[in-house]
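Residue numbers (my numbering), protein chains in the order written: chain G, 3 to 306; chain P, 2 to 317; chain D, 4 to 207.
Calculated directly from the structure, the hints in this document are not laboratory data. No experiment lies behind these values; they were computed from the predicted model shown. Check before you lean on any hint, since a few could be wrong.
With a straight-line Cα cutoff of 30 Å, these simulated DSSO-like cross-link-like pairs (lysine-lysine) come out [stated by the list, open to error]: (1) P:K218 / G:K76; (2) G:K104 / G:K223; (3) P:K122 / G:K166; (4) G:K4 / D:K205; (5) G:K166 / P:K91; (6) G:K137 / G:K104; (7) P:K91 / G:K218; (8) G:K218 / P:K163; (9) G:K205 / G:K166; (10) G:K202 / G:K218; (11) D:K103 / G:K205; (12) D:K172 / G:K202; (13) P:K36 / G:K223; (14) G:K123 / G:K301.
Interface residues of chain G toward chain D, partial, derived using beta-carbon atoms under 7 Å [to be verified]: (15) R12; (16) A22; (17) G25; (18) V29; (19) T31; (20) A75; (21) Q201; (22) K205.
Among the chain D residues that face chain G by a calculated CB cut under 7 Å, a handful are [said to hold, decoys possible]: (23) T84; (24) G161; (25) V178; (26) L179.
Note that beta-carbon positions come from the ideal geometry of N, C-alpha and C, so glycine has one too.
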Amino acid sequence: MKDILTIIFRLTVACLLAGAIMGGAFVLTNQAKRHNAELNERQVMLSLLGYASVKSAPASLKLYPIYRYLITAKGGEEIGYLLPGEAGEAGMTLVILDLDGKFVGQRPVTLSPEAAKEETKRAAAIPAALGGDAKARYADQTIVVTEGGQRLAYLLPGRFPGFKTFITAMLALNQDFSIRGLEIMESEEDPGLGGEIVQKYFKNQFKAKTLEAMRKIGVVKTPLPDEYRRALEADGGTGSGGLSAEQVAKIEAEYSGKDIYALTGATISSRSVTEGVRAMVQKFVYRLGLLDQALKEQKIAVPF
Amino acid sequence: MMAPNYRRILLLLLCGLLLPVAARAAGLAAKASFKGTNEIVLSLANPADAKGLGDPANYRVSEEQNPDISLPVAQALVSADRSTVTLSFKGPLNTRLTHLVTLHQRATNKGQAPETFRVSKSYWGYLLSILVSALLINNFVFTKYLGLCVFFGTSKRKATAKGMGITFTIVMVVSAIMSWFFYQYILKPYQLGFLQVVIFIGLVSLTVQAVDTVLRKVNPTLFKAFGVYLVLVIANCVIIAVPLMLADNEYNFLESLMLALGAGGGFLLALYLMSSARERMELANIPPTFKGVPIAFIVAGQFALAFLGFSGLKLF
Amino acid sequence: MATDKTSLQLVTNGILNENPIFRLVLSMCPAVGISTTVMNGFMLGVAVLFVQVFSSCTISLFKNVIHPRIRIPTYTLTIATWVTVIDMVLAAYMPAAYAKMGIFIKLIVAFAIITMRLEMFACKESVTASFWDGVGMGLGFMFGMMSLGLVRELLGQGTILGHDVLGFKPLLFFVLPFAGFFCVGLMMAFFNYIELAYRRAKRA
Chain G
3 MKDILTIIFR LTVACLLAGA IMGGAFVLTN QAKRHNAELN ERQVMLSLLG YASVKSAPAS
63 LKLYPIYRYL ITAKGGEEIG YLLPGEAGEA GMTLVILDLD GKFVGQRPVT LSPEAAKEET
123 KRAAAIPAAL GGDAKARYAD QTIVVTEGGQ RLAYLLPGRF PGFKTFITAM LALNQDFSIR
183 GLEIMESEED PGLGGEIVQK YFKNQFKAKT LEAMRKIGVV KTPLPDEYRR ALEADGGTGS
243 GGLSAEQVAK IEAEYSGKDI YALTGATISS RSVTEGVRAM VQKFVYRLGL LDQALKEQKI
303 AVPF
Chain P
2 MMAPNYRRIL LLLLCGLLLP VAARAAGLAA KASFKGTNEI VLSLANPADA KGLGDPANYR
62 VSEEQNPDIS LPVAQALVSA DRSTVTLSFK GPLNTRLTHL VTLHQRATNK GQAPETFRVS
122 KSYWGYLLSI LVSALLINNF VFTKYLGLCV FFGTSKRKAT AKGMGITFTI VMVVSAIMSW
182 FFYQYILKPY QLGFLQVVIF IGLVSLTVQA VDTVLRKVNP TLFKAFGVYL VLVIANCVII
242 AVPLMLADNE YNFLESLMLA LGAGGGFLLA LYLMSSARER MELANIPPTF KGVPIAFIVA
302 GQFALAFLGF SGLKLF
Chain D
4 MATDKTSLQL VTNGILNENP IFRLVLSMCP AVGISTTVMN GFMLGVAVLF VQVFSSCTIS
64 LFKNVIHPRI RIPTYTLTIA TWVTVIDMVL AAYMPAAYAK MGIFIKLIVA FAIITMRLEM
124 FACKESVTAS FWDGVGMGLG FMFGMMSLGL VRELLGQGTI LGHDVLGFKP LLFFVLPFAG
184 FFCVGLMMAF FNYIELAYRR AKRA
């Protein structure tokens, strides 16, 4: 009996000690983890926009996120866009459109743009702004980039099925909806095969593809032409292959209307990425058109 | 002497799995399903006026996650007996997602509220695909490279392999279910996600201890056969990898059960295949440098190569 | 009972005589799964070294108060604690490397090598000896992982630590996931061959 008591006592002490160590480590690292994740994301966004580091981006460059919500109310489903308020205002605006894109209403949301970055805070503020028993479900976010008050580009974080599991990517579009850049954030494709989607010679192929081209291009299994490959690898970094920036731009422009060259041994992965990017672009362009129209008709002031 | 016992357990498990399938299938009256990649077939409970049904403008189809983007229906074909309508689309649909089909106005009575059908692949098919995926496509040993220590240690004899595989599957299923409950109802609500590793390994040890005690009392013969493998189960990383994956992927209860069954079954399959090969290999003339473990690795590599053939296999 | 080996002997024992990967054939999962580059091997090696050293020290420090009947659960708890700590630290400060290793960091908790060293060494020896033994085992694991990574990276991608050395890619085969099995098998055979040749030379 005494034995059992000692065992229980010692185990409890051991568990408490272990818990204290882990809890301490959690408290110490969690802040850093969030900070680094945010920094990393910002770095990726800026490099997609064409700035090598956080410092080299001009101060006039502003990123405005738009959060999209699916709202289930009595009258059926609606789409809510949580937008930052006009410059100088602290709150945000929720613009509600119906499923066909017609303007339904607009609600002020008491939430600072900084606090809106956290999903839990948004999840608390939005139902309060909606009132009643309407439920809001977070769908996705897109980011409008402005420079000196002018729209410069759009950043779309997205997720689509790959060959094995989901691929998380970030897509940058120019103002005319041609692709500015693609970055693969997370993927679990096979290393050496589908894993090559993160390589420059694959992801840079999407660069400079126009909206029109993006609607209809496919994936071809012919080998990647050598000069195109060199241009893709030289793009946006220390130029290997001895190509100047102009030459790179020229070769890329030449291939901009052509299909995507599939990775060797990973046609399905290549096709998944192409389809995923296509769907992201098309959905975004459709939604942004409706939102812009509603903003214009209702004269809702937004900073972008 | 052992065989009838296995069979009874397996049979019971199988019955338990199949029962709900029959019960569910009977309850549906009107349903919608995918056909190929660009068609949706609606089966109607009470056939209505063909005119209204045949007009593509009466339908609104969208993915459940994107209700604001409607997919244009190219053609709506009503079958001769008016019991089914086939909607075809220009582009391929993403059949992995649930789609919503809204029938705006049934031409017969205009005041009627729009009717909505949900179109998705059969949930049971999805569950089965998780099972088959864990069993073959993402076999834990040959494509995820987990549990190798125990795999090489216990695959010398077929009898050992079977014993280990079955013990492992049972412990796997029990501990995965417990881990799922712990994760969903304790760790997640209280934001204790960082305790995952400790809790899961604790639950595994607990399961092993419990199975050990129960088996010893209830069926000493069975214990004699399987008791030795119980200790080895803890040293197997698959047993801790499965709960971690369940937590990562936010699987629900049934999906978790399927993944655990698939993982255990996959391990059993891998052990059985390997032990069969290794028993034969004893008769072969192997160079002295390759004797023992090195040749086992090469053979495992060949199995892995073969299992690569399953990847990309799409069921349901 | 105290060991009479010096710290150097303890370390070399872990790297050569009782190398966890090639000699004891333990902790094979990461050796096959993520040994595609030298860097991966190094990172996981550091994590294992950390867990092994800290667990060994903890257990040998508390060896007198650990009740013999709950020995194994205590080991598991200790290892799990340190694994959780290193997991959180890596996730916070090295997100890129952490993403590559994925689930394997958490799986260190099930590595037989660590429990085995605690049971065979740390629970009997002094803290200093356990520390050096832990360092040896950790370095041995790191050495095994890095040498596998070196072979696979050089033959598969023609690079070492990401630097292009060959200028071409000899055999893509070695980067592919399943090649880990072949690579480990071949390297084990290679070590066996050296040992056999050495013995033959000694006998002659």
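Now the hints, each set against the structure:
1. P:K218 / G:K76: violated (59 Å)
2. G:K104 / G:K223: violated (43 Å)
3. P:K122 / G:K166: holds (19 Å)
4. G:K4 / D:K205: violated (59 Å)
5. G:K166 / P:K91: holds (27 Å)
6. G:K137 / G:K104: holds (20 Å)
7. P:K91 / G:K218: holds (13 Å)
8. G:K218 / P:K163: At roughly 53 Å apart (the allowed maximum being 30 Å), P:K163 and G:K218 break the hint.
9. G:K205 / G:K166: holds (18 Å)
10. G:K202 / G:K218: holds (22 Å)
11. D:K103 / G:K205: holds (19 Å)
12. D:K172 / G:K202: Distance of about 17 Å is within 30 Å: holds.
13. P:K36 / G:K223: Judged against 30 Å, a Cα distance of about 28 Å means the pair holds.
14. G:K123 / G:K301: Measuring from Cα to Cα gives roughly 28 Å; hence the hint holds.
15. R12: For G:R12, the interface hint holds, since the closest Cβ of chain D sits about 6 Å away, which is under 7 Å.
16. A22: violated (10 Å)
17. G25: Result: violated, 10 Å to nearest chain D Cβ.
18. V29: Violated - the Cβ of G:V29 stays beyond 7 Å from chain D, reaching only about 10 Å at its closest.
19. T31: holds (4 Å)
20. A75: With a closest approach of 39 Å, the G:A75 hint is violated.
21. Q201: Violated: closest Cβ of chain D sits about 11 Å from G:Q201, beyond 7 Å.
22. K205: violated (17 Å)
23. T84: holds (4 Å)
24. G161: D:G161 check fails; min Cβ-Cβ to chain G is 13 Å, beyond 7 Å.
25. V178: holds (4 Å)
26. L179: Constraint on D:L179 satisfied, holds at 5 Å.
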